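Asker: Given next are the chains, with one letter for each unit.
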Amino acid sequence: AQSVTQLGSHVSVSEGALVLLRCNYSSSVPPYLFWYVQYPNQGLQLLLKYTSAATLVKGINGFEAEFKKSETSFHLTKPSAHMSDAAEYFCAVSESRQGNLIFGKGTKLSVKP
Amino acid sequence: EPEVTQTPSHQVTQMGQEVILRCVPISNHLYFYWYRQILGQKVEFLVSFYNNEISEKSEIFDDQFSVERPDGSNFTLKIRSTKLEDSAMYFCASSGGEETQYFGPGTRLLVL
Chain A
1484 AQSVTQLGSH VSVSEGALVL LRCNYSSSVP PYLFWYVQYP NQGLQLLLKY TSAATLVKGI
1544 NGFEAEFKKS ETSFHLTKPS AHMSDAAEYF CAVSESRQGN LIFGKGTKLS VKP
Chain B
25 EPEVTQTPSH QVTQMGQEVI LRCVPISNHL YFYWYRQILG QKVEFLVSFY NNEISEKSEI
85 FDDQFSVERP DGSNFTLKIR STKLEDSAMY FCASSGGEET QYFGPGTRLL VL
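Sequence order for the protein chains is A and B. Converting from the first sequence to the numbering used here requires adding 1483 to each position, the first position being numbered 1. Converting from the second sequence to the numbering used here requires adding 24 to each position, the first position being numbered 1.
Hints are supplied without guarantee of correctness; some may be wrong.
The calculated lysine-lysine pairs, modelled on BS3-like cross-linking and capped at a C-alpha distance of 27 Å, are [to be verified]:
#	chain 1	residue 1	chain 2	residue 2
1	B	81	B	102
2	A	1541	A	1591
3	A	1541	A	1552
4	A	1541	B	66
5	A	1595	A	1552
6	B	66	A	1588
7	A	1588	A	1541
8	A	1551	A	1588
9	A	1595	A	1541
10	B	102	B	66
11	B	102	A	1588
12	A	1595	B	66
13	B	66	B	81
14	A	1552	B	107
15	A	1551	A	1541
16	B	66	B	107
17	B	102	A	1552
18	A	1551	B	66
19	B	81	A	1588
20	A	1588	A	1552
21	B	81	B	107
22	A	1591	B	66
These aren't lab readings, by the way, just hints derived from the structure by calculation. What you are looking at is a predicted structure, and each value in this text was computed from that prediction instead of being measured.
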């Protein structure tokens, strides 16, 4: 069965600091992996996705994530945090192209001035 | 840019009442989904729909729930007899057949 674990329900960084949000998954087949962002009172917006092409995936707003099969991880990073990055971030996995998404519990990112 | 829309944005209902949540997926998309997010919890899959039938559903999606595509543009989720525990944010999503699901802004349902 698929599952997603996001370590840290809340991460706080200073503006300009590195952002690292952790995601580990389990899947019985090569997975499709996603990061979504949710701003307050809004829906889920796709940040980036991994679909078995390049292991380092670049997304919107300067975010990127690296698929590491040996570690079953798909951590999200951004070199320099901006105040506008404050939001909740969800990692998700699917075992097929049109399959349902299994989400992690989310990580709320706070950015301090 | 095309987007998924949902109505209403908020709905308050009494326990036992029926509610219908509406979604307009992106126009050329073929795969449709409903998810829900209970306050403070993770986003959970409810049901997926393709070719006018349910393709997959979770254990949450019991006989109280139903989905319908009544015309060429709308996709609805009906809860026949709402319970307090149905209070949640309900998200509709659609996909054109590739991996990405595009989410609507959600409907916040409060059952009193």
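Asker: Now tell me if each hint is right for this structure.
Answerer: We went through each hint and held it up to the structure:
In summary, the hint linking residue 81 of chain B to residue 102 of chain B is supported, as the alpha carbons are separated by about 14 Å, within the 27 Å threshold. Distance check on the hinted pair: residue 1541 of chain A and residue 1591 of chain A sit about 21 Å apart at the alpha-carbon level, within 27 Å; holds. Taking the CA atoms of residue 1541 of chain A and residue 1552 of chain A, the gap is about 17 Å. The hint holds against a cut of 27 Å. With a C-alpha separation of about 25 Å, the suggested pairing of residue 1541 of chain A with residue 66 of chain B holds against the 27 Å cut-off.
A distance of roughly 33 Å separates the Cα atoms of residue 1595 of chain A and residue 1552 of chain A; the hinted pair therefore is violated under the 27 Å criterion. For the hint linking residue 66 of chain B to residue 1588 of chain A, the alpha-carbon distance of about 4 Å falls within 27 Å, and the restraint holds. As the CA atoms of residue 1588 of chain A and residue 1541 of chain A are separated by approximately 22 Å, the hinted pair is consistent with the 27 Å bound. Note on residue 1551 of chain A and residue 1588 of chain A: the hinted pairing holds, with a Cα-Cα distance of about 20 Å set against a maximum of 27 Å.
Between residue 1595 of chain A and residue 1541 of chain A, the direct Cα distance comes to roughly 24 Å. Compliance with the 27 Å bound is thereby established for this hinted pair. Of the supplied pair hints, the one linking residue 102 of chain B and residue 66 of chain B holds, its CA atoms being roughly 21 Å apart against a limit of 27 Å. About 26 Å separates the Cα atoms of residue 102 of chain B and residue 1588 of chain A, which keeps this hinted pair within 27 Å; it holds. Simply put, residue 1595 of chain A and residue 66 of chain B have alpha-carbon atoms about 25 Å apart, close enough for the 27 Å limit, and the pair holds.
Our distance criterion of 27 Å between C-alpha atoms is met by residue 66 of chain B and residue 81 of chain B, whose separation comes to about 17 Å. In summary, the hint linking residue 1552 of chain A to residue 107 of chain B is not supported, as the alpha carbons are separated by about 42 Å, beyond the 27 Å threshold. Between residue 1551 of chain A and residue 1541 of chain A the alpha-carbon distance is near 15 Å, which keeps this suggested pair within the 27 Å criterion. Between residue 66 of chain B and residue 107 of chain B, the direct Cα distance comes to roughly 19 Å. Compliance with the 27 Å bound is thereby established for this hinted pair.
At most 27 Å may separate the alpha-carbon atoms for a hinted pair to count; residue 102 of chain B and residue 1552 of chain A exceed this at roughly 40 Å. Pair hint residue 1551 of chain A plus residue 66 of chain B holds up; C-alpha atoms about 24 Å apart against a cutoff of 27 Å. Distance restraint check for residue 81 of chain B and residue 1588 of chain A: the Cα-Cα separation of roughly 20 Å lies within the 27 Å cut-off, and the hinted pair is therefore satisfied. A threshold of 27 Å between alpha carbons decides the hint, and for residue 1588 of chain A with residue 1552 of chain A the separation of about 21 Å falls inside it, so the pair holds.
Restraint check for residue 81 of chain B and residue 107 of chain B: satisfied, since their Cα atoms lie roughly 19 Å apart, inside the 27 Å limit. For a cut-off of 27 Å, the pair hint linking residue 1591 of chain A to residue 66 of chain B stands: about 12 Å separates their Cα positions.
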